[in-house]
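Participant: Take 4 as the starting number for the sequence shown in the working numbering and just add one per residue.
In case anyone wonders, no lab produced these hints; they're calculated from the structure. You may find that some hints are simply not true.
As the list claims (entries may be wrong) - What follows is a list of derived Cβ distance ranges for each label pair: (1) G89 <-> P233: 52 to 58 angstroms; (2) P258 <-> V75: 32 to 38 angstroms; (3) A50 <-> A106: 33 to 39 angstroms; (4) H285 <-> P233: 17 to 23 angstroms; (5) R86 <-> D47: 19 to 25 angstroms; (6) G99 <-> E288: 15 to 21 angstroms; (7) D277 <-> P200: 35 to 41 angstroms; (8) A106 <-> H157: 23 to 29 angstroms; (9) G99 <-> Q146: 31 to 37 angstroms.
Glycine included, each C-beta is placed from N, C-alpha and C at the ideal position.
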Amino acid sequence: MTHTAEQPPAGLDERTRVLWDATVGGDEYAAADAATAALDEGTDPEALLLDVIAPLQARVGREWAANRLTVVQEHTATAINERVIGTLAHHPAVRGAVERHRAAPRGRVAVACIDGEWHGLPARILAEVLRLRGWRVDYLGAQVPTPHLISHVHRTNPAVVALSSSIATRLPAAHAAITACQATGTPVMVGGTAYGPGGRYAALLGADAWAPDARAAAARLAEGPLPMPPPVHQAVDDLPHLADQEYAHITRTAPGLVRHVLAGLQSRFPAMADYTDRQRRHTAEDIAHIVDFLGAALYVDDPELFTGFTGWLAGILTARNVPAHSLLPALDLLAEQLADYPRATDLLSRARDAVEGTA
Numbered sequence: 004m005t006h007t008a009e010q011p012p013a014g015l016d017e018r019t020r021v022l023w024d025a026t027v028g029g030d031e032y033a034a035a036d037a038a039t040a041a042l043d044e045g046t047d048p049e050a051l052l053l054d055v056i057a058p059l060q061a062r063v064g065r066e067w068a069a070n071r072l073t074v075v076q077e078h079t080a081t082a083i084n085e086r087v088i089g090t091l092a093h094h095p096a097v098r099g100a101v102e103r104h105r106a107a108p109r110g111r112v113a114v115a116c117i118d119g120e121w122h123g124l125p126a127r128i129l130a131e132v133l134r135l136r137g138w139r140v141d142y143l144g145a146q147v148p149t150p151h152l153i154s155h156v157h158r159t160n161p162a163v164v165a166l167s168s169s170i171a172t173r174l175p176a177a178h179a180a181i182t183a184c185q186a187t188g189t190p191v192m193v194g195g196t197a198y199g200p201g202g203r204y205a206a207l208l209g210a211d212a213w214a215p216d217a218r219a220a221a222a223r224l225a226e227g228p229l230p231m232p233p234p235v236h237q238a239v240d241d242l243p244h245l246a247d248q249e250y251a252h253i254t255r256t257a258p259g260l261v262r263h264v265l266a267g268l269q270s271r272f273p274a275m276a277d278y279t280d281r282q283r284r285h286t287a288e289d290i291a292h293i294v295d296f297l298g299a300a301l302y303v304d305d306p307e308l309f310t311g312f313t314g315w316l317a318g319i320l321t322a323r324n325v326p327a328h329s330l331l332p333a334l335d336l337l338a339e340q341l342a343d344y345p346r347a348t349d350l351l352s353r354a355r356d357a358v359e360g361t362a
């Protein structure tokens, strides 16, 4: 689940600044001290999670995208935020709030990230908010394989499974997890940026509910039980547009597509001749991401998913002094390889137009 940015409550602005400085400075102890001091002074634990830590983490992502933080700094800051949340969970103010609900809990919720989804912080924040609201929460962490998730559901019988995913390339895995959970008779709530603006892909993939952030998810669950899934569920492969097999072809041939584009760029983008091994490795990673997002867009049949990603990638490259137009020959090479697949070539053409508009 993601957080919708809001103005911090009065008194938290300075605390946010102190926590930011400690987090990007790599000082875990100072960050934990700043957060626990806020609780000592009476700050509401939920407000600290949703109005300070969640926006701070979103800012970490923006700063990385703008090339003002390195990958290592971004990973360090994320790890510190996770440790801070763990520290807050044991603070007397939080433990007291949880204990007050122990005699009459609302019910049991399993919170997990989709298989392959490494961004666990939004799900962790949701888990802590639900605990504060009186739910018994099983937080399963990042990248939970679907068979393990289903085993847990059978063993614990939660009232709902909350699935988080931030990266749209995990949508096919999300679809499988949603369907598998529902097959046990357990409703599924989903959240995270992977599900698109307004959660547009949540209904497509058959989720029983979608929430834009942890606060909204907790409010929806407080309204009452989610509707039970119908006895007959949408099959994972029952999206009509998948009948053309374009998604299957892209995913099956993805490694070969990446190799073909990387080889073709040698002649179509002469600047690559002077690339270091590190730059070539990053180029290969970017091409792999393009192919993965192309597959995801084919899976949900939404051009905006792919054009949005390529526009974002153009911005990332520009911030790192790599010309956005360097993406164009890669898109052209893919289009040539996929000439027999009309949906894929249409997506690549749209993406080309979008990149040219930013170059």
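Participant: All the hints need checking, so say for each whether the structure fits it.
Facilitator: Against the structure, the hints come out as follows:
{"no.": "1", "hint": "G89 <-> P233: 52 to 58 angstroms", "in the structure": "38 angstroms, violated"}
{"no.": "2", "hint": "P258 <-> V75: 32 to 38 angstroms", "in the structure": "28 angstroms, violated"}
{"no.": "3", "hint": "A50 <-> A106: 33 to 39 angstroms", "in the structure": "25 angstroms, violated"}
{"no.": "4", "hint": "H285 <-> P233: 17 to 23 angstroms", "in the structure": "46 angstroms, violated"}
{"no.": "5", "hint": "R86 <-> D47: 19 to 25 angstroms", "in the structure": "21 angstroms, holds"}
{"no.": "6", "hint": "G99 <-> E288: 15 to 21 angstroms", "in the structure": "46 angstroms, violated"}
{"no.": "7", "hint": "D277 <-> P200: 35 to 41 angstroms", "in the structure": "39 angstroms, holds"}
{"no.": "8", "hint": "A106 <-> H157: 23 to 29 angstroms", "in the structure": "27 angstroms, holds"}
{"no.": "9", "hint": "G99 <-> Q146: 31 to 37 angstroms", "in the structure": "33 angstroms, holds"}
Violation of the numbered hints given earlier is confined to hints 1, 2, 3, 4 and 6; the remaining hints are satisfied by the structure.
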